[in-house]
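Top to bottom, those sequences are chains A and B. Under the numbering used here, the first residue of the first sequence is numbered 388, with each subsequent residue one higher. Under the numbering used here, the first residue of the second sequence is numbered 16, with each subsequent residue one higher.
Since the hints were made in silico from the structure, they are not lab data. Worth double-checking, as some hints may not be accurate.
Computed list of chain B residues with no C-beta within reach of chain A, every gap over 12 Å [to be verified]:
{"id": "1", "residue": "18"}
{"id": "2", "residue": "20"}
{"id": "3", "residue": "256"}
{"id": "4", "residue": "273"}
{"id": "5", "residue": "333"}
{"id": "6", "residue": "376"}
Incomplete in silico selection of chain B near chain A, CB under 8 Å [stated by the list, open to error]:
{"id": "7", "residue": "155"}
{"id": "8", "residue": "213"}
{"id": "9", "residue": "287"}
{"id": "10", "residue": "289"}
{"id": "11", "residue": "291"}
{"id": "12", "residue": "296"}
{"id": "13", "residue": "298"}
{"id": "14", "residue": "417"}
Remember, it's a predicted structure, so these values are computed and weren't measured experimentally. For glycine and all other residues, C-beta sits at the position ideal for the given N, C-alpha and C.
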Amino acid sequence: MHKESAIREPLILGHKTYHDITEDVCRSIEGKAPKAWYIMLGIAMLVGLYGVGCIVYLLGTGIGTWGLNKTVEWAWDITNFVWWVGIGHAGTLISAVLLLFRQRWRMAINRSAEAMTIFAVFMAGLFPLIHMGRLWVGYWVMPIPNQFGSLWVNFNSPLLWDVFAISTYLSVSLVFWYIGLIPDFATIRDRAKSPVAKKAYSILSFGWSGRAKHWNRFEIVSLVLAGLATPLVFSVHSIVSFDFATSVIPGWHTTIFPPYFVAGAVFSGFAMVQTLLLILRKGMKLEAYIHTRHVEYMNIVIMVTGSIVGVAYLTELFISWYSGVEYESYAFINRATGPYWWAYWSMMTCNVISPQLMWIRRLRRSLLFTFFISIVVNIGMWFERFVIIVTSIHRDYLPSAWSMFYPTWVDIGIFIGTLGLFFSFYLLFARYFPVLAISELKTILKISGESYKNGTAPGHSDHH
Amino acid sequence: MEFQISSKAKKTIFGAIAVGLISVIIGVVVHIDDEQFKTRILSNLLIDGFYFFAIALGALFFLALQYATETGWSVAIKRVVEGVASYVYVGIAVLLALFAFLTLTKGGYTEVDGHHLGHIYSWMDPQIVEHDTIIANKAPFLTKPFFWVVTALYFAVYILFYRGFRKRSLQEDVEGGTKIHYKNYVKGALFLVLFGYFSSTSSWHWLMSIDAHWFSTLFGWYVFGGMWCTSMTTIMLVLLYLKKHGYLQQVNDSHIHDVGKWIFATSFLWSYLFFSQFMLYWYANIPEEVIYFDFRIENYKFTYWAMFMVNFIVPMVVLMSREAKRNTGILAVVCLIILLGHWTDVYMLITPGTMGEFGCIGFIEVGFLLLFAGVFTFFILNTLTKAPLMPKNHPYLDESKHHEI
């Protein structure tokens with residue numbers, strides 16, 4: 388039998404029964420959506436549509452509509468790509484790595500974090516596809532036998548490894564997320580009143596009956612997927628970092644990149660989870676399940692990964708001097724004092740200094756402050772990628788080739804557009820999907836529920 | 016039941032030390048006239064001095080990690096972790112003596128026909144630095160005073176924290192309450208912060224500076240990965256020994272399984288870091304970077320690749336299954352292989368830089384390894400006799416006793 392120490396804070400506040408959990412999660416799916424949801428979805432879709440418009444314009448006109456030039460061949464597009472992939476790290480980390488570490492608090496956040504992951508990876512995948520210029524031949528990145536003569540993928544290129552890494556990650560995350568949803572879809576199906584909803588959730592739940600055999604298979608497949616997903620959490624961002632680190636460009640070519648990118652990805656992913664969950668818990672009245680303690684745990688993760696990222700920045704700075712390679716040193720001096728100094732110092736402030744405030748208990752338990760910092764971190768991590776990419780290449784080995792990068796309205800439009808699409812997906816998810824893992828939460832109710840821990844629960848209240 | 020070192024264990028340990036000594040003596044007699052003799056002895060002291068110190072330090076890190084993350088399951092094995100960490104005293108003493116010798120002898124040079132050869136730390140030799148602008152430019156980092164200031168700081172911090180954790184751990188047995196627990200929580204977090212910096216910076220000074228021209232940003236984390244892995248492996252071996260002799264009855268299969276998972280995970284971590292560092296330098300193929308690996312592969316091909324393959328593949332294949340992580344026999348064998356594999360890793364970190372192409376594993380290497388291993392084991396077991404093996408009054412003790420996975 389599992390014991391939980393009395394000094395651990397409860398994970399579910401107040402008195403809840405199994406039935407209450409089902410009610411609390413299903414309420415928003417079964418009831419009418421509030422006006423605010425329609426307004427938010429409307430705005431998000433409009434912004435998304437604008438982004439689609441920009442993409443169409445770009446495809447019709449050409450990559451020249453971006454601010455790229457002969458020296459800066461990668462800029463906003465790849466910055467956005469890495470930023471979105473990074474955000475797409477938290478979900479699988481929460482569901483797989485925290486599962487292995489038996490962190491029960493993850494059960495309140497895993498479902499929505501995984502959804503966020505999947506939508507973020509969708510957004511990430513868009514950028515390299517657009518950057519290749521001809522969206523309709525995007526499938527050429529796959530090693531498919533073809534009749535195009537010598538056209539074949541380059542297995543030596545980390546860009547190709549990226550294709551494999553991200554598509555594998557997306558598939559596993561998607562399957563993992565969906566498998567977890569099946570029992571909860573079945574719960575909604577069983578409660579659904581309208582025939583359309585019943586039919587829809589019936590299809591979604593794959594005929595789940597809740598038999599012991601189903602649960603047995605469910606647990607086996609979850610464990611296997613968790614085992615698969617854990618190395619993927621590391622591999623995806625490591626391989627994204629290889630895109631830069633395998634080159635010989637000062638500022639890109641450094642060995643600390645793989646683990647440091649992984650830490651940075653978890654850092655930004657958790658920040659995005661915070662931003663979304665703080666709104667979600669309020670809007671959907673889930674304060675009993677996602678409360679201060681959960682926020683605090685996530686803030687600690689943000690603080691730790693932020694510190695790892697900070698140590699990596701300092702290590703890079705130090706070794707750039709220690710190596711005695713003048714190009715390497717210049718790359719870093721140029722970052723800090725060159726024309727993009729403001730991007731570098733925004734990155735340093737947002738990523739290194741701001742998470743350190745989380746050492747103060749009062750601040751990391753303050754929801755308003757957390758919301759603020761989560762946005763600061765997201766901005767900081769965007770700047771980090773911008774700094775790494777643009778400042779490293781805008782002044783290359785030949786001073787006559789030095790140039791600057793300025794984003795055009797198409798650059799900005801596509802980025803803003805992905806934000807719109809992302810939030811549209813997320814809002815739809817929040818409306819039609821169970822945002823908490825109903826069946827998982829029920830397993831910790833009696834161990835970590837407040838009323839059960841302090842003995843105030845009325846006897847035999849667990850009617851289902 | 017208090018733990019006592021059995022006479023059989025004493026015999027084995029002192030036997031190992033004796034065999035080690037004899038082996039070293041044989042090696043000395045055979046090789047005393049070699050040009051690299053002095054370098055070889057010093058290299059060995061650094062290899063074993065660092066290797067065993069790192070195991071203890073890794074255990075100290077793990078202890079702090081358990082406090083800072085409020086982990087429940089590991090309470091039952093806490094005394095064993097403390098025991099392994101207690102070797103920091105000896106480890107520090109050995110390294111201090113060695114560093115002092117190297118400082119006084121210009122990095123441990125050997126004079127052959129008026130030339131300075133075979134340094135451990137060539138940057139400590141003014142005659143070398145004079146003609147080497149690359150090293151000269153690394154001052155003030157690579158200078159004796161700075162080396163000593165930071166090394167003293169690292170050692171002071173490690174000892175201070177070890178003593179604090181140990182004292183509070185024993186105090187908790189008597190006093191109970193949650194005050195000590197929360198203090199450990201704070202101190203654990205503080206230690207992790209300091210260790211986060213020190214583990215990298217110390218490895219630059221102590222190990223990376225052997226190849227004084229070479230640099231890698233990942234180096235510190237790579238060394239840390241190996242350190243953590245060997246610590247978990249050592250903790251496992253001590254646990255298995257104690258359980259086999261009827262101690263620690265409340266440490267069940269699930270605890271063993273969890274330590275096994277840590278060995279599995281840290282082996283992967285180390286392999287991942289090895290691959291990241293190696294692959295990026297190999298792929299970019301910049302001469303001043305890739306020479307580090309080229310040299311090792313050219314002169315130590317078998318040792319180098321065997322080391323990587325063993326450290327990566329053995330734990331991955333064998334410890335993948337749940338049953339293996341609960342089987343004493345399999346675990347003991349795998350743990351010993353991992354310990355030897357990671358000793359070879361430390362050997363490969365040091366020897367090619369100090370001995371050039373002349374490094375080899377012979378009587379001297381095996382002898383020193385046995386000698387240090389004997390002292391290390393005795394010291395750990397001796398610490399274990401000093402306190403009850405099962406802590407009392409820890410707020411998560413009940414969670415740990417009921418641990419089942």
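Tested hints:
no., hint, result
1, 18, "26 Å, holds"
2, 20, "33 Å, holds"
3, 256, "27 Å, holds"
4, 273, "9 Å, violated"
5, 333, "16 Å, holds"
6, 376, "27 Å, holds"
7, 155, "11 Å, violated"
8, 213, "11 Å, violated"
9, 287, "6 Å, holds"
10, 289, "11 Å, violated"
11, 291, "4 Å, holds"
12, 296, "7 Å, holds"
13, 298, "5 Å, holds"
14, 417, "4 Å, holds"
The structure fails hints 4, 7, 8, 10 (numbered hints given earlier, in ascending order).
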